[in-house]
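J.: Protein chains in written order, with this note's numbering: chain A, 1 to 325; chain B, 1 to 325; chain C, 1 to 336; chain D, 1 to 336.
Just so you know, the hints here were simulated from the structure itself, not pulled from any lab data. A few of these clues could be false.
[Unchecked claim] Below are the SDA-like pairs computed for lysine to any residue, each with C-alpha atoms no more than 25 Å apart in a straight line:
#1 K264/D / T278/D
#2 K173/C / D257/C
#3 K39/B / D257/C
#4 K202/A / F281/B
#5 K39/A / T278/D
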Amino acid sequence: MAQLTYRDAVAAGVAQEMERDPNVVILGEDIAAAGGVFKTTVGLLERFGPDRVWDTPISEQAILGAAMGAAMTGLRPVAEIMFSDFLAVCWDIVANQIAKTRYMSDGQVTIPLVVKTGNGGGLRFGAQHSQAVENWAMAIPGLKVVAPSTPADVKGMMAAAIRDPDPVIFFEAKGLYPTTGEVPDGEHVVPLGAANVVRDGKDCTVLALGAMVPRALDAAERLAREGIDAQIVDVRSLVPLDARTILSAASASGRVFTVEENPRLCGWGAEIASLIGEECFYDLDAPVVRITTPHVPLPSADVLEDAARPSVERIASTIAREMAR
Amino acid sequence: MAQLTYRDAVAAGVAQEMERDPNVVILGEDIAAAGGVFKTTVGLLERFGPDRVWDTPISEQAILGAAMGAAMTGLRPVAEIMFSDFLAVCWDIVANQIAKTRYMSDGQVTIPLVVKTGNGGGLRFGAQHSQAVENWAMAIPGLKVVAPSTPADVKGMMAAAIRDPDPVIFFEAKGLYPTTGEVPDGEHVVPLGAANVVRDGKDCTVLALGAMVPRALDAAERLAREGIDAQIVDVRSLVPLDARTILSAASASGRVFTVEENPRLCGWGAEIASLIGEECFYDLDAPVVRITTPHVPLPSADVLEDAARPSVERIASTIAREMAR
Amino acid sequence: MSATVAPAPPALDVETREALYRSMILLRVFEKRAHDLFLQNLVKGTSHLGLGQEAIAAGFAHAMRPDDWTFATYRGHNHTLARGADPGAVMAELLGRANGVLHGKGGSMHVGDASKGAMGSYAIIGAHLPVAAGAAWSAKLRGTEQVAVCFFGDGTTNIGAFHEALNLASVWKLPAVFVCENNLYMEYTPIASVTAVPNPAADRAAAYGLESWIVDGNDVEACYGAALAAYERARAGRGPALIEAKTYRHGGHSRADPAAYRPKGELEAWLARDPIETYRARLREHGVAQEAIDAFDAAALALVDRATEEAKNGPLPAPESVTTNVWADGGSAWRN
Amino acid sequence: MSATVAPAPPALDVETREALYRSMILLRVFEKRAHDLFLQNLVKGTSHLGLGQEAIAAGFAHAMRPDDWTFATYRGHNHTLARGADPGAVMAELLGRANGVLHGKGGSMHVGDASKGAMGSYAIIGAHLPVAAGAAWSAKLRGTEQVAVCFFGDGTTNIGAFHEALNLASVWKLPAVFVCENNLYMEYTPIASVTAVPNPAADRAAAYGLESWIVDGNDVEACYGAALAAYERARAGRGPALIEAKTYRHGGHSRADPAAYRPKGELEAWLARDPIETYRARLREHGVAQEAIDAFDAAALALVDRATEEAKNGPLPAPESVTTNVWADGGSAWRN
Ligand SMILES: Cc1ncc(C[n+]2csc(CCOP(=O)(O)OP(=O)(O)O)c2C)c(N)n1
Ligand SMILES: Cc1ncc(C[n+]2csc(CCOP(=O)(O)OP(=O)(O)O)c2C)c(N)n1
Ligand SMILES: [Mg+2]
Ligand SMILES: [Mg+2]
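Construct all of the structure, not just a fragment, from the sequences and the given hints.
T.: The structure is reproduced here in structure tokens:
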């Protein structure tokens, strides 16, 4: 097993698939010669050449339109949208074209592509470069949506996303790029649609995604010292959703918390909390509590950004308080 | 009281405010000379002249950018985005610029504008001209979001939206444009942020929005014949949300249903169901059940579109089945 | 800004001329029939007819290779049929039937037949230009010498996606041909009133390092010639073309539109330049017998009559199909 | 495509020349200091410096009326300061302090001071061009003869919002001046490699019915002259201008960027054309004493020193302020 950064795991996942399938190509702003603004595509140009690794103009609609047209005609493009905030400038291509064209044509065409994008806060980039928008994509029928939290999952789920015959929005947790972890040697693929119980615990179930997973794990350590044994579930895949794992965990513990980086309203946690409410109603001992960023744009100053996003401290204290009720 | 169509009530609300405040202007595609593709701006050009009623190119980013820049500098623009599906082509201006600029500047600027848009299905327009996307807007901090269901509310809430100092996304239910209703004579303003209990009932609470309100009312009549007395709440305003009315209704009946036109995942109902689950947990007698369009793009054929959107029949039978449990 | 005229067609043999005519007359009869069926309330939803614009669809399609790609707009019946899609299946789609070319999932605004290279109709302005660029990009990468041809209107030249697609296609030298059908109106608004240049597409070509080509969109041979020249350049790796075809729609923007905004006499003037009437005359000049022309007309009518019957007799889609074909596995499951 | 040179400045009096220099040197000293403070890890997040591009900010701002509007990008320190924003408040914003011009809410990429006409910095490429058009539209409707001036980079000319804003501004004859600061790179990518025309802005002007103006962005008087001419036309109701200013950034794209992608010698060549060094020489030619210049430099240094102290000593924002000023009522309540 090799130690890789989250950042390098992205390139490793893409490289593994480009090696395996000549139809895999990648395009985006500054991704070729420069290896990406977040250095998640380093080495791809050197290794696979300019016919498969393309620098683009600042034209997100053209980037994703090009990926869609190529996917409809035999390629398997990986398109980078540098910051997930920028999905807004090409949202029509994502939500109205890529997501719907297979259905509108009743299956005449398929659109196997991956949109990889740096998501979430923590870098003091302010309101237009820090959003966690997994819920934007989850709300759109026709999109698969994943958000890995470890280098191993990054590599393995990127591979699975590229092999998937449908469009996948691949959220990379910006704040986790420098983090490291073990990544299995050789070909590594982690199927989409599987949640991962990353910490066992009998007292309550904590559902977390992306950058919130390590925070939830840290919070669990604190809670353990207070005698609260929290189970942590890395949701990983929002669409397809591993409802089986999530619902059985919720039923077993009877106490559920979500930890969401998105602003309060209509987050992925609202969907899952409603689902749990519908299907585990009689097994719940208390309300499902959502721990989220307040419903505000993200501020830039470090003290403010830290106050806005769910912190280990807020996660732990919220859970402790609720469990004490 | 005059009888107005939903369609005419839009123009009536805009006209009332243009009469009152010279800073109110309106812009959009085909809205001036043609009176709008949905005829919701008929007569405004003739009455207020070309300096206040502007036809635009097919440039949604420019339309909303122009509205924003004008709002920042003293005007109160009303911008039409013909179909709410097209919000996707200008989503950056909506979600990243209009919604966030006041916060990012910590109040240096305010952005008093209204984005009016035809929303929802029923006209057999297919997947790119039929979406109900109130949840897209509800998920964005910094936006107020309303969706009236009657001509009276259309006129009154349009007036309130134009007077509101913050950006308001005003969803007009396309399918309701030809419907008629009583509209109070003289100046008429309906404050934002107030839900409306449109039918009293003790057995269960049904939360509906926009085009789903009349369907929920029809379903309630059917249910009444089966001995089920359903309370119908027209949510009307998603942001600000009248949580007080909604939560007290939920607590009182103990049985709650949402009727949502949006696809299943991350709808406005998911947020409200989670909120009810969190704050009325101990008052609920059964799970909150969401009645939505399945998580698919909307098909075009009449029989398919009718099968996809919540129908009176599906609303009534779902509620009856659940209440029988 | 001076716009140059697109290359003239080579001398055409009579078979080609007849083929161009047969294509146009089929589109004309089909669209008229579609209009009749609206009036009978058999066509559901909206529909945008290409009556008057047939020369562009016929000319540009006839110059294509079978494996070339067409990307059309909501005004896409002509372009889909011109690639050889089954008229019965297209008509059935307008009627929302299970035997529709999209089985009722897409409707009038999204018709297409990928098996014929008609890659679909796109109903949000501008979106399909980058998508067509993407298809051209894959042709270039795979070395297939296929061309992606994208049709759109004058009003579409003012939206951002147009700009991004043209620049990308030019920088990457993609085999993409962008055809602007300038019919003078964006919906109900005269294009000149919302556009900074007189020729919405041609006057922008230089902004993308492209030659500006204008072609008479009511002259099917001129369209065919411009297409041949553009496709040849594209296949040879010499990059994209942007072609502005001047034309006019005989009807309203959509079924809802009586087109009252037109200045008096405008329609009449353009009807006098009807692409089909004028081409009939030209065919006769070139020695095609009136009987032959009448036979083509009769054949088109017969085809559309049969298409109409197929559509009317088509079964309604099964409600269960609402939840099929979201995913490549044929289903729509979002959870286990 | 041939681009014309922007109108030359009128003969300038020495006060104007000194004012232009004082503005430039303040920006230069401020940005250098900001850079030092990064290295000391006092500046949070990222930051995009305008070192080398001061002549554009200074020249265009100095020609404005106090009630004109500036719309800037994430590379907006220069433009905000050039309108007279308090350097201490801007520096404090970079350090994330409560006395920051945005009280820490916005940070480096969003600095602005609406009270000075600096309407904010926008960090998503292209978005602020339509917004500037909107401000110009309101000036036109209210008859105030204000001008909206929008600054952006070469790479921004390839995004859709640029196209939509330029067309709208031209069709509506808005008093908007669009200034493209062509510094040869979009982040790390040479602009020529992703743009279909050699002059990304000037070669597109004709597509919007505009004259194409190119100005030496390292010559503050040339920028000032182009600004005067453009603003005058705009105030007179003669519509927008699109001006391409050729320049170069001395540093990397952002703090994260060592700018290793530059060809050898490129930076040196541009340093030899440094707008401030060259203008010092010109001032002396025009009879400004070295002592006077030194005094201006010293004054700028003193101002920035004080700004630095104010910033360093500024209090941290109160965590509660996270939930203020979403709405005009000062709060962020989404429910009752
Ligand atoms: C982004 C977007 N904005 C607006 C519309 C509504 N709309 C449909 S067709 C049309 C006019 C298009 O005009 P043009 O490009 O000239 O094509 P034509 O209809 O004349 O063929 C408009 C505004 C749309 N479909 N998409
Ligand atoms: C829509 C969008 N895409 C990409 C980015 C990332 N980005 C920030 S600055 C930049 C380069 C901009 O280049 P240019 O317009 O030349 O301005 P410069 O930075 O050179 O001043 C890019 C790609 C962004 N902020 N917004
Ligand atoms: Mg047109
Ligand atoms: Mg640049």
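J.: Decide, hint by hint, whether the structure agrees.
T.: Against the structure, the hints come out as follows:
no.: 1; hint: K264/D / T278/D; verdict: holds (22 Å)
no.: 2; hint: K173/C / D257/C; verdict: violated (40 Å)
no.: 3; hint: K39/B / D257/C; verdict: holds (11 Å)
no.: 4; hint: K202/A / F281/B; verdict: holds (22 Å)
no.: 5; hint: K39/A / T278/D; verdict: violated (37 Å)
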